[in-house]
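Generate coordinates for the entire structure from the input sequences, incorporating the hints supplied.
When we follow my numbering, the leftmost residue of the sequence shown carries the number 67, and every step to the right adds one.
Please note that the accuracy of each hint is not assured.
[Stated by the list, open to error] Below, in silico cross-link-like pairs of lysine-lysine (BS3-like), each with a Cα-Cα straight-line distance of 25 angstroms or less:
1) Lys511 - Lys533
2) Lys293 - Lys533
3) Lys453 - Lys340
4) Lys72 - Lys85
5) Lys515 - Lys550
6) Lys543 - Lys524
7) Lys394 - Lys434
8) Lys340 - Lys511
9) Lys332 - Lys85
10) Lys453 - Lys485
11) Lys485 - Lys533
12) Lys434 - Lys453
13) Lys118 - Lys85
14) Lys434 - Lys485
15) Lys340 - Lys502
16) Lys515 - Lys543
17) Lys533 - Lys502
[Unchecked claim] Okay, the calculated beta carbon distance ranges per label pair:
18) Pro193 - Cys396: 46 to 52 angstroms
19) Asp213 - Pro405: 33 to 39 angstroms
20) Arg151 - Asp213: 27 to 33 angstroms
21) Glu350 - His455: 23 to 29 angstroms
Just so you know, these hints were derived from the structure itself, not from any lab.
The C-beta atom is built at its ideal place from N, Cα and C for all residues, glycine as well.
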Amino acid sequence: MDRLDKEIELICRRFPWDKAIWFNGVWWSRRAFWELVEATTEKLHDSGFGPKMHLALVMPNTPSFWAHTLAAWRLGGAIVPYNMRESASLITNALEHVKASLVVISDKRTDIMPALEHIAIPWAVAPSDSPYKTSVDVLALRPGEEDTAVIFYTSGTGGKPKAVPLSHQSLYANTMTCMEQVEPIEEGDTLLNALPDSHVLGFSICGLLPLLLNLSQCMLPSFMPVKNVLESIRNSETNVLVGVPMMYQFIVSAVSQGASLPRRIKVAISGGDKFPVDLDEALERYLGIGVLEGYGLTEASPVVAVNRSYPTRKLGTVGPALPIVETKVCDPDGNELPPGHEGVLWIRGISVARSYFSDELLTNLSFKDGWFNTGDIVSIDSDGYIKLHSRESDVIMVGGFKVFPEEVEEVLLRHPSVKEAAVVGINQSMSGQLVKAFIVPYIDKLPSKRDIWSHCRKMLASYKIPKVIEFVNDLPKTALGKAKRSVLREG
67 MDRLDKEIEL
77 ICRRFPWDKA
87 IWFNGVWWSR
97 RAFWELVEAT
107 TEKLHDSGFG
117 PKMHLALVMP
127 NTPSFWAHTL
137 AAWRLGGAIV
147 PYNMRESASL
157 ITNALEHVKA
167 SLVVISDKRT
177 DIMPALEHIA
187 IPWAVAPSDS
197 PYKTSVDVLA
207 LRPGEEDTAV
217 IFYTSGTGGK
227 PKAVPLSHQS
237 LYANTMTCME
247 QVEPIEEGDT
257 LLNALPDSHV
267 LGFSICGLLP
277 LLLNLSQCML
287 PSFMPVKNVL
297 ESIRNSETNV
307 LVGVPMMYQF
317 IVSAVSQGAS
327 LPRRIKVAIS
337 GGDKFPVDLD
347 EALERYLGIG
357 VLEGYGLTEA
367 SPVVAVNRSY
377 PTRKLGTVGP
387 ALPIVETKVC
397 DPDGNELPPG
407 HEGVLWIRGI
417 SVARSYFSDE
427 LLTNLSFKDG
437 WFNTGDIVSI
447 DSDGYIKLHS
457 RESDVIMVGG
467 FKVFPEEVEE
477 VLLRHPSVKE
487 AAVVGINQSM
497 SGQLVKAFIV
507 PYIDKLPSKR
517 DIWSHCRKML
527 ASYKIPKVIE
537 FVNDLPKTAL
547 GKAKRSVLRE
557 G
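What follows is the structure, encoded as C-alpha cells:
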C-alpha cells in the first residue's frame, strides 16, 4: 500500500463526482472534498508544517477535520486528535507531552484558548468547512516515527492518559480487513459517522473507511440531539449504522416513541462496550435488524474481532478475531490457556501498535515479544468466538468512553467539603454504565449535590461527571485503607 493520503487521493481523482460526505444537509463530492484538502495543505505548508511534525486537532466530525488530517499526512506529518468534550487542562497537558507543532481548534471550543496562552504551542481556529484563517508559524519538532499517521490518546489502567502511535500501514490493514470480513457492507453503501472521529473507532471505521473505498458517509458533529440524527439518516439514505450501545439505546427510545426510521438500514455494528441482549431484541423489534457486535482497542487500530454476518453471529460474543490478529488467552503468570478457559487476552499482528509514545515504562508493562496485553478477561470457544467477561481494572464504560475512578475521585477531593470519595460504575440494562460517586463529607461542611456537579463541570468532561451521588458516613476499606469498590458496586 501507499500512504493513506495517496490512497484517498487516488479514489477522489478516479471518482470525482461520486458522493463522499453528507454534511449539514449537503452532499460533498469527492472533488469538492479534495479541493478543501488541497487548500488546507497549502495553508499548513505556508505556516511551516512539515515532515514528522504533529498537528493537534480539537474538532468535531466535519469535512475540515478530515481535510486537516489529510493535509498533515500529505506534508509528511501526523495528527493528534482530542475529544471535543475533554477538559482544557487535560488537552494542554497532552499537547506538551506529544510535542505538538500546532493545534487547530474548532470555532465551537474557543474556550480552550486561555489555557493555550500558558504553553508555547501556536494555535489557530478553523470553521467546519474551510481551513483555519489566521497566519501561524508552527514550531519545529524533533523527528518522530516516519510512518506514524495518528497518535490517539487513551487512558491506562490507572487512569493516566497514554499516547498510542498508529501507522499508515496498521490503519489501512485494519480498515480494509473489516471491509472484507463484514459481509453486509459493500460498495455504494452509506455509513453513519456520528461517533467522535477523535476516537479510533469513529476515525477508522466511520470516517477513514468510506474515504478509502467507494462508500459514502453521513457525517454528524454529534449524536445529539437524536432527532437531528434520525433526520440525517433519512435524508442521506444511510443504510449502515456504526455505534456504541448508548447510541443504539437513544435510537430505540426515539423510534419507540414514534420517530420514524426507514427500513433501508441493513446492518448495525456496535463496539466500545458490551452490547446488552435486551437492547439487541429492541433493535430487532423497532428496526428489523439485530446488531453485529465487535471488540477493539486503540492499540489495535482498533478492531480485534467482530461478528461477520447475521447468519453466523453468536449473541453475547464479539465474534472471531480478524485474520490479521493473533490471539492467546493467558493466566496471570503469562501461561497460555486452552480454549474455553477464562484469562487475559493478548494480541499481536500488523494492525497492533508496537509501543506507547514517549513512555518506556508503560510500553514495557503492556508489550512483550510482539504481543500486547489488552487487560481484558475473555474466553474463546472452539469456533474462535471471543466472549468478554470483565475488565481487569475498575474502568467504567460510558457510551463507549472509558472513565477511570481515580481521575473523578481526584477532582471530587478538591472540593473543600469532601473528605473522602469513591467512584464506581452502575450497570444499566440497555445504556451501559453510569458514574456513581460515594462521598464522605466533612461533618460541618455538608455540600449539596448541585455544588458537587457544578464543581465537577469545571474540571471534567461531561461523560465523566457522576450522574448519581450518595453521601455516606464512611467507606468500606481494605487493610491498606483503599476503598472497596466491589462492595460499593454490590451495595
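These are the hints, each one checked on the structure:
The suggested pairing of Lys511 with Lys533 holds, with an alpha-carbon distance near 21 angstroms, which does not exceed 25 angstroms. Pair hint Lys293 plus Lys533 holds up; C-alpha atoms about 23 angstroms apart against a cutoff of 25 angstroms. With a C-alpha separation of about 10 angstroms, the suggested pair Lys453 and Lys340 falls inside the 25 angstroms cut-off, and the hint holds. With a C-alpha separation of about 19 angstroms, the suggested pairing of Lys72 with Lys85 holds against the 25 angstroms cut-off.
Taking the CA atoms of Lys515 and Lys550, the gap is about 23 angstroms. The hint holds against a cut of 25 angstroms. Restraint check: the Cα-Cα separation between Lys543 and Lys524 comes to about 29 angstroms, which exceeds 25 angstroms; the hinted pair is violated. For the hint linking Lys394 to Lys434, the alpha-carbon distance of about 13 angstroms falls within 25 angstroms, and the restraint holds. Distance hint between Lys340 and Lys511 is unfulfilled; the C-alpha atoms sit about 40 angstroms from each other, more than 25 angstroms.
Of the pairs offered as hints, the one joining Lys332 and Lys85 holds, with about 20 angstroms between alpha carbons and a cut-off of 25 angstroms not exceeded. Pair hint Lys453 plus Lys485 does not hold up; C-alpha atoms about 40 angstroms apart against a cutoff of 25 angstroms. Pair hint Lys485 plus Lys533 holds up; C-alpha atoms about 20 angstroms apart against a cutoff of 25 angstroms. At most 25 angstroms may separate the alpha-carbon atoms for a hinted pair to count; Lys434 and Lys453 meet this at roughly 23 angstroms.
This hinted pair does not check out: Lys118 and Lys85 have alpha carbons roughly 32 angstroms apart, beyond 25 angstroms. A distance of roughly 41 angstroms separates the Cα atoms of Lys434 and Lys485; the hinted pair therefore is violated under the 25 angstroms criterion. A distance of roughly 19 angstroms separates the Cα atoms of Lys340 and Lys502; the hinted pair therefore holds under the 25 angstroms criterion. Restraint check: the Cα-Cα separation between Lys515 and Lys543 comes to about 24 angstroms, which is no more than 25 angstroms; the hinted pair holds.
For the proposed pair Lys533 and Lys502, the alpha carbon gap of about 6 angstroms is at most 25 angstroms, so the pair holds. Judged by the Cβ atoms, the range 46 to 52 angstroms given for Pro193 and Cys396 holds: they are separated by roughly 49 angstroms. Separated by about 35 angstroms at the C-beta atoms, Asp213 and Pro405 satisfy the suggested range of 33 to 39 angstroms. Distance hint for Arg151 and Asp213: a CB-CB separation of about 30 angstroms, consistent with the stated range 27 to 33 angstroms.
The beta-carbon spacing between Glu350 and His455, approximately 25 angstroms, falls within the hinted interval of 23 to 29 angstroms.
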